[in-house]
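Trainee: Spelled out, the chains give:
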Amino acid sequence: MRPEHWLYTIPLRLRSLFRWAQANQELDDELRDQLERKAEEYVAKGIAPEEARRRARLDLGGIEQTKEKCRDARRVNWVQDLIQDTRYGFRMLRKSPGFTAVAVVTLALGIGANTAMFGVVDSALLHALPFRDIERLVNVWTTDAGGDTHTPLPDQYLALRKYSHAFEQVAGAGWVDNFYGSDESGWQNLRGLLVSSNWLPTLGFQPLLGRNFREDEQIAGRDAVVILSFSCWHTCFHGDPAIVGKQILLNRRPVTIVGVMPQSLGAYDENIEVYAPLELESYASSSTLRVANTARVRIVARLKLGAALDQARSETESIARSLRGATASTDRSGHLLVEDFSEMLRHPGPTRRNAQLGLWMTAVAAGVVLLIACANVASLLLGRGVKRCREVAVRSALGCSRGRMIRQLLAESMLLFLGGGSLGLLAARWSQEVITKIASGIVWDKMIVEINPRILLMSLGVSLLSALFFGMIPALHVTRVNSNGSLKDALPSATSGARARRPRKLLVVFQVALGMVLLVGFGLLFRSLLYVESSPLGFDPHNVLTAGVSLPVSRYSDPSAKAGVMRKALEQVRSMPGVESASIVDSLPMDGADSARLSIKSDSSVAMLDETWFLSVGPDYFSTLKIPMLAGRPFRETDVREAPPVAIVNQTFAKRYFPGTNPIGSRLAFADLPTTWREIVGVVSDFRQRNPEEDLTPLVYLPVAQTLPVRWSMAIRLRAASDLGSFSTSFGKQLQPVDPRLYWKLGSMQAQIHDSESLTLRRPIIMLLASFGSLALILVIVGVFGVTSYSVAERTREIGIRTALGATRLEIASLVLRESMSVTFVGLAAGALCAYAMSRFFPTEGIGWSGSGIFLYGISRTDGLTYGLAFALLTSVVLAASWVPARRAMRVDPMVALRYE
Amino acid sequence: MSKPSDLVQGTLDMLLLKILALEPMNGFAVSQRLKQVSGDVLQVSDGSLYPALHKLEQQGWITAEWKTSEYGRRAKYYSLTRLGRRQLEKEADNWGRLSSAISRVIKLEEA
Chain A
1 MRPEHWLYTI
11 PLRLRSLFRW
21 AQANQELDDE
31 LRDQLERKAE
41 EYVAKGIAPE
51 EARRRARLDL
61 GGIEQTKEKC
71 RDARRVNWVQ
81 DLIQDTRYGF
91 RMLRKSPGFT
101 AVAVVTLALG
111 IGANTAMFGV
121 VDSALLHALP
131 FRDIERLVNV
141 WTTDAGGDTH
151 TPLPDQYLAL
161 RKYSHAFEQV
171 AGAGWVDNFY
181 GSDESGWQNL
191 RGLLVSSNWL
201 PTLGFQPLLG
211 RNFREDEQIA
221 GRDAVVILSF
231 SCWHTCFHGD
241 PAIVGKQILL
251 NRRPVTIVGV
261 MPQSLGAYDE
271 NIEVYAPLEL
281 ESYASSSTLR
291 VANTARVRIV
301 ARLKLGAALD
311 QARSETESIA
321 RSLRGATAST
331 DRSGHLLVED
341 FSEMLRHPGP
351 TRRNAQLGLW
361 MTAVAAGVVL
371 LIACANVASL
381 LLGRGVKRCR
391 EVAVRSALGC
401 SRGRMIRQLL
411 AESMLLFLGG
421 GSLGLLAARW
431 SQEVITKIAS
441 GIVWDKMIVE
451 INPRILLMSL
461 GVSLLSALFF
471 GMIPALHVTR
481 VNSNGSLKDA
491 LPSATSGARA
501 RRPRKLLVVF
511 QVALGMVLLV
521 GFGLLFRSLL
531 YVESSPLGFD
541 PHNVLTAGVS
551 LPVSRYSDPS
561 AKAGVMRKAL
571 EQVRSMPGVE
581 SASIVDSLPM
591 DGADSARLSI
601 KSDSSVAMLD
611 ETWFLSVGPD
621 YFSTLKIPML
631 AGRPFRETDV
641 REAPPVAIVN
651 QTFAKRYFPG
661 TNPIGSRLAF
671 ADLPTTWREI
681 VGVVSDFRQR
691 NPEEDLTPLV
701 YLPVAQTLPV
711 RWSMAIRLRA
721 ASDLGSFSTS
731 FGKQLQPVDP
741 RLYWKLGSMQ
751 AQIHDSESLT
761 LRRPIIMLLA
771 SFGSLALILV
781 IVGVFGVTSY
791 SVAERTREIG
801 IRTALGATRL
811 EIASLVLRES
821 MSVTFVGLAA
831 GALCAYAMSR
841 FFPTEGIGWS
851 GSGIFLYGIS
861 RTDGLTYGLA
871 FALLTSVVLA
881 ASWVPARRAM
891 RVDPMVALRY
901 E
Chain B
1 MSKPSDLVQG
11 TLDMLLLKIL
21 ALEPMNGFAV
31 SQRLKQVSGD
41 VLQVSDGSLY
51 PALHKLEQQG
61 WITAEWKTSE
71 YGRRAKYYSL
81 TRLGRRQLEK
91 EADNWGRLSS
101 AISRVIKLEE
111 A
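Chains as they are written, first to last, in the numbering used here: chain A, 1 to 901; chain B, 1 to 111.
Rather than coming from a laboratory, the hints here were simulated on the basis of the structure. Wrong hints could be hidden among the right ones.
Beta-carbon label-pair distances, calculated as ranges [what the hints assert, rightly or not]: (1) Trp-20/A <-> Arg-104/B: 27 to 35 Å; (2) Ser-48/B <-> Ile-83/A: 27 to 35 Å; (3) Trp-20/A <-> Ser-48/B: 18 to 26 Å; (4) Ile-102/B <-> Ala-397/A: 19 to 27 Å; (5) Phe-469/A <-> Asp-40/B: 53 to 61 Å; (6) Leu-126/A <-> Asp-93/B: 50 to 58 Å; (7) Ile-83/A <-> Ile-106/B: 50 to 58 Å; (8) Glu-4/A <-> Asp-40/B: 32 to 40 Å.
Glycine included, each C-beta is placed from N, C-alpha and C at the ideal position.
Turn these sequences into a full structure, and let the hints guide you.
Mentor: Structure, rendered in C-alpha cells:
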C-alpha cells in the first residue's frame, strides 16, 4: 500500500473506531435520506405515499442488513466486538467472584513462579555478559608443551600490549587473591583481583562512584589505591556515599579508595570484592603460587573497530613466535590463542555447564507448575461452561455463529489470564529476591534481577499464549452444541454426563502426570543429595579445625623463612591442650589441587603421563585426617629441601600406572618444573579432594618442606571431647606470636565439606525444586477437588436414583472415589513414563575433577523408592482431595435430588 | 426489458467511480444517473449500492462530505479522490481490453 493511500484510510479507520456512534448516526442519516428521496420519486410517479415508503424500504433490501454490510466495510468491526466481548466477560466474571478469585490466584502462582525463574535465567544465562560490543572482545590463552591451554605469562602480556595493532585495548588481570583489613575491621579475607588500568574500559564498564585506576598507578609505590565492589561497599562500608577518597588499611598497608564498581559484572563477576592495580613488576616476581606456577596474567582484549578476528589471530601468533625464539620448534608451548569472548558462555566448563543445566531444570519445573495451574483453570472453565450450556444454546438458536461465541469465551479467559498475569508479576516482584538469593548459589554470580521489559514481555506472552490454548479447550467443548436439537437436549442430563466429563478427566490426567514428573525429578535429586552428604570421604572430618594463611611474598621469599613460619605455627598449635595432632597442606580437601604433566621413570624406561594432580602435605597430614597408608612410609620431618626429593602416590595412581607391581622406588617428575626426579616412598589410601561424590583420581603428594608454598592451611585434630567453637577463639590468640602481621582464616573441616562445589550447587536446585514441587501439589489438590466436586454436583440426580434404588452410602462414596482414582492412576502411569524419559537428562556417569556434577549419585534413574514415594504421595493427595466431594455425595437426599428437575 | 440482475463481477466499483468522476453527488443521485446514462440497462439495487459506496470510501478511492443540497436538505456527497481517479483509469483500461477481446471472439465469422 502506498503512503498516499493511508492518507485517506487511516483517518477513516480512526473515525470508525473512536467516533463509532457518530459514524453510525451518519449511516442512519444517509439511509434515511435515501428512503425519503426514493419515496418522493415513487410519489411523483403517482403512487400513494404509504405504498411509496414501503417500496423504498423494500428496494433497500432490509435496512438492518444493509447497515451491517456498510459497517463491515469499515474493517474495524473486530475491535468493537472485542471491546464488547471484554465488557461482557468482565460482567460474567464479576458475577461469580469465587470462581474468578480461585482462577486468578491459581494463575498468579503459576505465572509468578515462571516470571521469577525467567528473571534468573535471563540474567544468569541469556544476558550474563553485560559488556559493550561483546563481539569485539576476545580472551587470549597460551599453550604448554602438551598443547593444553593456560593463562598467559607476564612477558606475553607485555609483548601483546606493545606490538599488537589489531587491538584497541589489551587489558590484564592477575590471580584472585585474598585481601584483609585491620584485625578489628571485621572485613577479612576479601577476594581481590589485580587489574590493569584499562581493564574496565576494555570490558566497557564505568565505575559507579569515583574513578578508574590511572595508568601511573600501575607503578610500584603509587599503587596504594583500590576500587570496591558494589557488595563490598554495602556490606563493609554500609553504602557510605562519601566513601571515595577514604583511606583504609588493607594487607597492613594504607590504601585509598578511589571508586566503587557497578552493581554487577554479570558472569564475569567471580565474587570479587576489592580491585587493585596490577603492578606487574612485583606481581611477576612474586610467584605467590604453588610449585609449578609462576605468576600469570589473564588477558582480555578489544578488537579495533573493523579489525577481523583472523587478522588479530595471525598478528598475535607472530608476536608469540618472536617471543618463543629459537626454542620453539620442539614442542607446542608458547603459542598465543585468540578466542572469541562469548565462547566462554557457549562452551562453559563442566561445572558451569552443570550449573546451567540445573538452572534450566528448575526453569522447566516452574513451567510445569504453570501447566498444572493452566489445566486447573481450564477445568474450572469447563465446569462453568456446562452451567452456561443454556446460554450458548439460546445464542446459537438466535443465529450467533460458533466462531463468534468462541471468540467471546476466549475474551473471558483472556481476562482471567491477564488478571492472573498481573497478579503474578506482583508475586514475582516479591519472590524475586528470595529466588535470586537461592539461585545465586547455582550460578555463583552476584545476580541482580530487575523487572525489565524482557521479563514483562515474557509474562505477558505466557499469559496470552496459555489463555489462547487453555481457553480454547473449554470454548470448543462448550460451543459444541447440536444446533438441530432442542434447547433441552443441550443441557446436561442424568445420563449424558460421562461424555461431558471426559475433557475434565483428561485435564486431571494431565495434571497428575505433570505432578508425578516433578515429584520424581525432585525425589531423584534429593536422594542423590542425601547420598552425597553421607558418601564416604576417605578421611575423618570430625573434630578437625582448619587455619589458612597466605604469606606476603615481600617478607617470605626466603625458603628458610617459609620453613620457619610453618614450623613455628605447628609448634604453637600442638602445644595447645586438646590438640591431638596437626599438620600442613597447601590445599584442603574440597579445594581441589594443582595439576601438571607427569613423567614416570621405572627401571630404564621413562613414560610421559597425563596431566596429574598434586598436593603438598606435611609429615603428619595423613595420620591427622586418619587416612591409612597402604604401603611404604609417610613423610618424615627429615624430608626437607636438602634431603632427597620424595613423593607419595594414592591408591588409584598405583593401580593405574603400576598395575600388579610395586610403585615404591620408582621415580616421577613434573614437566613444568626444572626436572626433579622424586622417589615414590609410599602409597596412601584414596580420599576425596574436590567433591564428596567425585570419581577417584590419581594424585601425587609432595612433602611440604620440599615445595614450600606461600599459601597453606593447617589441619588440626582435636580430642573428641573438645568444643570446636570455644577452641577457635583461643586459637587466633595462640597463633598471634607466630607472626603478628599474618592473618589466619579459621574454619572447620565439616564447613569445608558443606561448602564443597557439588553441595553448594545441589542445595539451591533442590530448594527451588522443592518449592515448585509443593506449589504443584497444592495446585493438583485444588484441581482434583474442583473436578470431583463438579462431577458430584452433576451426578446429584444419578446418585439420588441410585440411593433410591438401594445403594448404600459406601457404594456411593466408592462410586465417586473410583472415578477420581482411575483417572489418577492413568495420570500416574503416564507421569512415571514421562519422568523416566526425562531422567535421561540427568547425567549418571561419574564426576571427574575438572568440574563437579550435580546429578544422580548413589541411585539409578529407575530408583524404586523415589517412584514409589511419589506414587504414594500423589495417590493420597488425590484421595484426600476427593474425600470431601465423596462425603457430599454420600449425604445426597434422594427426595431432594429427584425433585430437582 | 428484463432487469439486469447482476453486474459483471467487479464492474460495479468501476461504474460507481466513473459516475462520481462526472461530479460529486449523493447515493440516490448515483443510482439515478447510472440508470439514466446506461439507458435503463444498468441498475444497481439500493441494498448493494450503499455497501459498495462505503467500501470505496474505506479504500480511499472516494471521499464523502455532508452538504446542504439545492432544496436545503442535508445529504452525503461522494467525490472521487486522486487515488480513485487512478484506480478508475486502471479499471477502465482493463475493461477496454477485456471487452474488445470478448467482442473479437463473439464476432468471429462462423464457417
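Trainee: Give a verdict on every hint.
Mentor: Hint-by-hint comparison with the structure:
About 51 Å separates the C-beta atoms of Trp-20/A and Arg-104/B, a value inconsistent with the hinted range of 27 to 35 Å. Here the CB-CB span from Ser-48/B to Ile-83/A is close to 29 Å, well matched to the stated 27 to 35 Å. Separated by about 24 Å at the C-beta atoms, Trp-20/A and Ser-48/B satisfy the suggested range of 18 to 26 Å. Distance hint for Ile-102/B and Ala-397/A: a CB-CB separation of about 48 Å, inconsistent with the stated range 19 to 27 Å.
For the pair Phe-469/A and Asp-40/B, the beta carbons lie near 58 Å from each other, so the given range of 53 to 61 Å is met. For Leu-126/A and Asp-93/B, the Cβ-Cβ distance of about 56 Å falls inside the hinted range of 50 to 58 Å, so the restraint holds. Between Ile-83/A and Ile-106/B the CB atoms are about 54 Å apart, so this pair conforms to the stated range of 50 to 58 Å. The hinted range of 32 to 40 Å is satisfied by Glu-4/A and Asp-40/B, whose Cβ atoms lie roughly 37 Å apart.
Hint violations for this structure: numbers 1 and 4, all remaining hints satisfied.
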